[in-house]
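Participant: Chain by chain, the residues run as shown.
Number of protein chains: 4
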Amino acid sequence: MIVIMKPGATAAEIGAVIRKAEQLGLKTHPIYGESRTVVALVGDLTGINRETFDVMAGVLQTLRIQEPYKLASRSTRPDNTVIDISGVVKVGGTDLVVMAGPCSVESRSQIIEIAQAVKEAGATILRGGAFKPRTSPYDFQGLGLKGLEYMAEAREVTGLPIITEVMREEQVQMVAEYADILQIGARNMQNYGLLQAVGKVKRPVMLKRGISGMIKELLMCAEYIVSNGNYNVMLCERGIRTYETATRNTFDLNAVPVLKQSSHLPVVADPSHGTGLRELVPAMSKAAIAAGADALILEVHPDPDKAVSDGRQSLTLEEFSSLMVDVRRIAAAVDRTLATLPAAQPA
Amino acid sequence: MIVIMKPGATAAEIGAVIRKAEQLGLKTHPIYGESRTVVALVGDLTGINRETFDVMAGVLQTLRIQEPYKLASRSTRPDNTVIDISGVVKVGGTDLVVMAGPCSVESRSQIIEIAQAVKEAGATILRGGAFKPRTSPYDFQGLGLKGLEYMAEAREVTGLPIITEVMREEQVQMVAEYADILQIGARNMQNYGLLQAVGKVKRPVMLKRGISGMIKELLMCAEYIVSNGNYNVMLCERGIRTYETATRNTFDLNAVPVLKQSSHLPVVADPSHGTGLRELVPAMSKAAIAAGADALILEVHPDPDKAVSDGRQSLTLEEFSSLMVDVRRIAAAVDRTLATLPAAQPA
Amino acid sequence: MIVIMKPGATAAEIGAVIRKAEQLGLKTHPIYGESRTVVALVGDLTGINRETFDVMAGVLQTLRIQEPYKLASRSTRPDNTVIDISGVVKVGGTDLVVMAGPCSVESRSQIIEIAQAVKEAGATILRGGAFKPRTSPYDFQGLGLKGLEYMAEAREVTGLPIITEVMREEQVQMVAEYADILQIGARNMQNYGLLQAVGKVKRPVMLKRGISGMIKELLMCAEYIVSNGNYNVMLCERGIRTYETATRNTFDLNAVPVLKQSSHLPVVADPSHGTGLRELVPAMSKAAIAAGADALILEVHPDPDKAVSDGRQSLTLEEFSSLMVDVRRIAAAVDRTLATLPAAQPA
Amino acid sequence: MIVIMKPGATAAEIGAVIRKAEQLGLKTHPIYGESRTVVALVGDLTGINRETFDVMAGVLQTLRIQEPYKLASRSTRPDNTVIDISGVVKVGGTDLVVMAGPCSVESRSQIIEIAQAVKEAGATILRGGAFKPRTSPYDFQGLGLKGLEYMAEAREVTGLPIITEVMREEQVQMVAEYADILQIGARNMQNYGLLQAVGKVKRPVMLKRGISGMIKELLMCAEYIVSNGNYNVMLCERGIRTYETATRNTFDLNAVPVLKQSSHLPVVADPSHGTGLRELVPAMSKAAIAAGADALILEVHPDPDKAVSDGRQSLTLEEFSSLMVDVRRIAAAVDRTLATLPAAQPA
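Chains as they are written, first to last, in my numbering: chain A, 88 to 434; chain B, 88 to 434; chain C, 88 to 434; chain D, 88 to 434.
Don't read these hints as lab results, they were simulated from the structure.
Check before you lean on any hint, since a few could be wrong.
You can't tell identical chains apart in this list, so a pair holds if it fits in one copy or across any two.
Taking lysine-lysine and the BS3-like style, the derived pairs with C-alpha atoms no more than 30 Å apart in a straight line are [as the list claims (entries may be wrong)]:
| # | residue 1 | residue 2 |
| --- | --- | --- |
| 1 | 287 | 233 |
| 2 | 93 | 107 |
| 3 | 233 | 114 |
| 4 | 393 | 114 |
| 5 | 393 | 303 |
| 6 | 114 | 289 |
| 7 | 347 | 393 |
| 8 | 177 | 93 |
Note that the structure is a prediction, hence the values are computed from the model and not measured.
Start from the sequences, fold in the hints, and give me the full structure.
Facilitator: In structure tokens, the structure reads:
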């Protein structure tokens, strides 16, 4: 249930609604939108009358939310959520954000070199994996803490905020100390312990759709994070498993408009994992923007054939630069502008 | 195997290659591209030496084609195939073509009204179903011949070429008398008798990907048509069956760049069937153009809720007009122009 | 709608119901079950009152059938349909029937040799393909009419009825002259023209589930045949397309109990195509019987590695003989007996 | 790489092989099969010569294992792994084991009542969920520790070992104190931190296939457990996500023979989750045994419509008893016997 406050409702009126709900055993989530303030109530609603709240001062109306996800639903919050990334860029507004970097951090010089190159081409967030979930226990599992340190150095050198994956509950605190955005990988979409853990830290989170995750499930998983107090969640489409083998996964771009219509959370598209094939990334990046994605996340590597992981889907630096030219044109055709770094940013 | 002729090869030299191949029991398909002429040889190639042809006058080189589809492969013909639709529009070149109309022809006035409206908004081909493949034997099966006649009338009134589905071998001749483009529906993608039949007529064909067709299979089915002599084949992505239920089908836009890279045949995107939901059609239409589609095919109905079939995925006339404004912008951002009807066209 | 007659209803009473329905513009299908006679009415039922029939002499009650398939539904006919195959074996009763033979008929001696061997091991129907639907237009397309003649010879020699595929409407009459059972292949499950054509001949039909056919669609396709007058339809599970690659297809054995519960038509399991791998066929054949299948159809070849098609999934004659020993044991554990040929059968 | 010891190899000879491998930086896993002892070597094998081990005393030969899973591969260990469950039953031998119980532990009396009933009908392991992974954060999440205590009480009363799910790394120690078998749920198949954690305890583990897990991935996930030192892993097929909606999941029985052929680990079938529909469970339970499963895990509830979770797929006690009669017959037809509790067991 959500309680929608009148435009001029006072803090005291909102406070009264919250106290009343808590007396009834409910959890409350006040959501301060541009157009209205809403108090979302979650918990056992059987026996709770809407009239209880309807008659309170400052209340416009109450609504029952049909969707199984409540706080992530656009019914609860009609405005887009715009997430501030360490004061550098905003995801979910009119700016289009490009995150780029290697699949795995391989060395200090590798990540710094790539960071500089992708920044020059127009990326405003650096991606890179320090902890790698690998199908085989015998494969390279990432540089770990060392990788985080290298990424932080690359940030210092370029001013780019960094996004990196956190795989286990016990790593959340540590990764949150380094990263500007915590990535939850596809294999962990339904790792509820991990979702709850990142729901309790202050860092923005990018949640990837599982390889066979239904769009509705992705929203419910976002709800696990948001209902723990972290509202800064981005949803990421990264390809699903189907029968088709011409692509590594089936990049399901339909998820972009479905998510934008169902939820106020920003949507990120990952054509690198989505297709798994470098030669398809440019076309599908452009398509993702045209479909309404708020951001792209792209794998870039100076020498993809020598990458320790996922080389087949990484763009070269030249391909990435060339794509960014096209990205700007498509963005303009849907009334968006490529995000830029603040002027005073060290480089 | 393909025999690539030298730029200045004479008709006599090409003729000699063809006769030699036929003596060896092979079928020959000469393909006259802009940049080169190629003679494709199909049949039992065991025991055929490339040297036999390499030494002939006017021959540049011979190549074995790895793909199981030969004539449809871009290796055989690097230039795009551009299909002339009854002298009115061309599909596969720089023009972007929009085909629009109702799922089913319902009446004379309905199809004429829609034809006029979609023409005004910028469509240059009229779609409409006269023979409808229906899951249940008890559902509306289309107006049949009457539907074809109404479509022909709508063409006379508007000048728009028409595309309509042919379901059975024995209907091919009749439908080809009325339609400018023969559509092979998803359920018939692997109806080889039907493919061979449309391969023997002179009309362009639009072949839809089956609901679980692999991209490679779609190309092999195109090969069934092309190898029977009809080179004017468009490939259409229209959504595949996956586990996801947020959309009726999973519109697999990845197929667009994969097909463009693998084949010289034009690619059409059908976001109406692809997504099955009207509210997703605008976003996915724009995405399809950004991904490189040569044409869109869209369902439009003045009153979708009253449509006899597929109303859930049909745009209203207003939605269609509004989408066409966006389509022009995205097309420009990928260096394409919306096709227009010839000036002298009656209206 | 179905009209259920009282146990003692007379032919005149049944006739009166049929005439009344036809006056109302409906098609009628009288179904004479063991326990009751039912008249199924199909067509436009809006405005038809159940009371019209309820008050007629000999009528027990009328029922509206919820399922989109009517005549194929178990609600319409609670008894199992038992199909007599040329007076030799019955499919759908307590006998368990095994159909076996090569994927393609390759020669006269090949099919006769295999027929004798599978008969000896306990098969009672011979399978073999004369017309082969092939993904590539350049692959072996079957021996055609010659293949039918060889199968007919094998039947004469062994007394085994034969099942073979019919691919095109125009072949139906010809194939029906040779075959005891007409097979509709997976690619043609929704080739409605072909379904209607086999609905009008007198031969039993085995309808294979399409590679991405939903179980409900399979039943609707059976309805296309049955509503044209041919009630002798078997439904065949042969594997669906999923993301899993450890098997060629995912043999969906769940379809067996679902179909047995939803419909009165016999169910055949095809573990050869279902799994695509010879080494899985024995386990899945046993599982299919335990799940309730009425028949198995198995590919057997004396030298699978040399088979012109589908060798990877064909059992050797020895493997088939050995499997038949296990089949008998499992059949007994679910109270079924392996079918046998009539004593007087020539051999 | 595996080093196969001669039949009469001494402990000293085996020890020498292990020390040599460790000197070379490899991890070693000695596997004592009935027919032979093998030392599996994992780690970076580049530059390691097979000859180094071939010449050592007691060594028969060395083999490189092709599969990406090594220790779980049947190439490494041809004998079936037979897992002793707390000295009460054995899984993976000729005995067929049935695990049964409710989806969730709901109360002390509920779990004890069900335990007694399923024991009487022939089950030898009690299942029940204390920690429940739920799609929505607002759904019932299980009784937690209380649930574990109730299950332990049910074990004391009946003598049945218990299996229950562990969802998070930090719960592993606690759950291992109560449970005889740790279950890893489908959503956690690729939660590598959790897999490593259960690899380090002494309890047998049942690893469920993810809802879109490939069979090969399931084996790699088992490898994560086994390579951490816990060899007592059962693999569980529980249904995969496909396009079909007639069943909740597509129970992929083909996985049973594929797993039995690829690996020496026992295979458990879960037709309750596999199909999601109570009325399909009996047919698919029988099929699973016929296909070669070593155990069944079944949901049973005295009043399924009132179950707090998964009632739609739970058998009633009567249905379970009735199914067990059939289970015994099918087991006998594949030369297996239903496991029984030790005679001295308290009841």
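Participant: Taking the hints in turn, state whether each one holds.
Facilitator: For each hint, the structure was consulted:
no. : hint        : verdict
1   : 287 <-> 233 : both (25 Å within a copy, 26 Å between copies)
2   : 93 <-> 107  : within (17 Å within a copy, 65 Å between copies)
3   : 233 <-> 114 : between (40 Å within a copy, 24 Å between copies)
4   : 393 <-> 114 : between (51 Å within a copy, 27 Å between copies)
5   : 393 <-> 303 : between (38 Å within a copy, 26 Å between copies)
6   : 114 <-> 289 : within (19 Å within a copy, 40 Å between copies)
7   : 347 <-> 393 : between (37 Å within a copy, 28 Å between copies)
8   : 177 <-> 93  : within (28 Å within a copy, 57 Å between copies)
In this structure, none of the earlier numbered hints is contradicted; all agree with it.
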